[in-house]
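Number of protein chains: 2
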Amino acid sequence: MIVQAKQQQQEYRDRAAEMLAAAGIVVTGREKAAMELADFGLDEFEATGLAIVVYENNDRYCAKELVMFPGMTCPEHRHPAINGRSGKMETFRCRSGEVYLYVDGPATPGRKTDPPAAPGGAYTIFHEVVLLTGDQYTIAPDTKHWFKAGPGGAIVSEFSSTSCDEADIFTDTRIQRVPD
Amino acid sequence: MIVQAKQQQQEYRDRAAEMLAAAGIVVTGREKAAMELADFGLDEFEATGLAIVVYENNDRYCAKELVMFPGMTCPEHRHPAINGRSGKMETFRCRSGEVYLYVDGPATPGRKTDPPAAPGGAYTIFHEVVLLTGDQYTIAPDTKHWFKAGPGGAIVSEFSSTSCDEADIFTDTRIQRVPD
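Sequences listed follow chains W and L, in order. The number in my numbering is simply the position in the first sequence, starting from 1, with 3 added. The number in my numbering is simply the position in the second sequence, starting from 1, with 3 added.
Because the hints were derived from the structure by calculation, they are not lab data. The reader is advised that the hints may include incorrect statements.
Said to hold, decoys possible - Derived, one-sided and incomplete: chain L residues facing chain W with beta-carbon distance under 10 Å: (1) A26; (2) E34; (3) I55; (4) T94; (5) F129.
Glycine included, C-beta positions come from ideal geometry on N, C-alpha and C.
Work the whole structure out from these sequences, hints included.
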C-alpha cells in the first residue's frame, strides 16, 4: 500500500529524490515518477515507510534503492519460501547516512534506537547491526528483520534474489504488503 | 588474470578508489584492498581491463561496481549455461560518466567508438547502446556483449545472477578469464 494523497506523494518523492541527488545517485525522471512510497497500510509514512526505486526485478535477481527519511522504519518481517523456492535473500548496503538493522540473535544491550509506536508483539527481535555508509549485511531467507534510519536519514541499496513483496510476512498483524 | 606488478596494482587501485569517491560511492578499506584488476591476460589494463569491487556474490545473486578508466574496454564475451543452469544474466547501470555498450543486433552506423586494437575476429558485434549516468541495460544470458568507457571514464553497477567469471567465453581467443 502506498501513500494516497497526490500532493503528499509528490512532496515525498521530491524529498527522496533530493536525498538521492545529495548522495550522488542519479535516477531518471521516469524512475522518480515511479518511486514506490510504501506505508505498509499504517498511514504513518514518515515513521513507518520506505521510498523505493526499483532498478530491476526479474526471475533471478533484484536491485533497488531504499530511501529512508530520518528515523524512518521498515517494519519487522520475513520472506518465506514461495512455491517451493527458497525465500528472498537480500543484501543491504548503506550508501549514505546510517541504519540500525535488527536480526535474529540475542537482544543487544543499550541498542541505538527503538521501533516506532506499535501494538505489543509487532517487534520481537532486537539483535542490532549498525550499518554506517559503506557497510553491508546479508539477510538469510525466511529470517525476521527490521531496520530504522539514523537521525540524518539513510539510503540503502538492496541487492537480492527475486522480489515478491506480496509474500512478505509482517510481525505486526495490521500489515498486509499489498501493492496498489 | 590480474595486473601483476605490486606498485602498479596500488596505483590502479588508488585511481579507481578516487573515481569511486568522486562519484560519492563509499567502499571500505578492505574492499579497496581486495579490488580485482582484471586485465584478461592481455597485459594492457588501461586499454582492456576492469577494476572490480565485488559487494556480494552468492548462489542466487551478485552485485559489483565496475570502475573503468577513460576509454577502457571490457572485451566481447558471453555467459554460457553452466551445469544445466541458464547463463549469467546481468544489468549494467551507469553510475557516473558514460558507457558505450555493444550487444546483438544490426551494427549501428556512425557508432561512438571502436574496440581497442585486437586480432581480427576479436570483436564481432556493433549494435550500440549508449548509457549515460542513470541509464541501465539488461543483457540476456549467453548473448555476446562488450563495452567501453567514454572519455571521462565510467562507473557501472552490475546487478546479476551468480557470477562465475571462469565460465565466460571471450571472442578473442587469446583470453582465458582465469582468476589468479
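Original post:
Does the interface hint hold: is E34(L) within less than 10 Å of chain W, judged Cβ to Cβ?
Top reply: Where the cut-off is 10 Å and the nearest Cβ of chain W is about 8 Å from E34(L), the hint holds.
Original post:
With a cut-off of 10 Å, does the beta carbon of F129(L) approach a beta carbon of chain W closely enough for the hint to hold?
Top reply: With Cβ-Cβ at 25 Å, over 10 Å, it is violated.
Original post:
If you take the shortest Cβ to Cβ gap from T94(L) to chain W, is it below 10 Å?
Top reply: holds, 5 Å
Subject >> Evaluation of the interface hint that places A26(L) against chain W, nearest CB under 10 Å >> reply: A26(L) check passes; min Cβ-Cβ to chain W is 6 Å, inside 10 Å.
Original post:
Measuring from the C-beta of I55(L) to each C-beta in chain W, is the shortest one below 10 Å?
Top reply: violated, 15 Å
Comparing the model with each numbered hint stated earlier shows that hints 3 and 5 do not hold.
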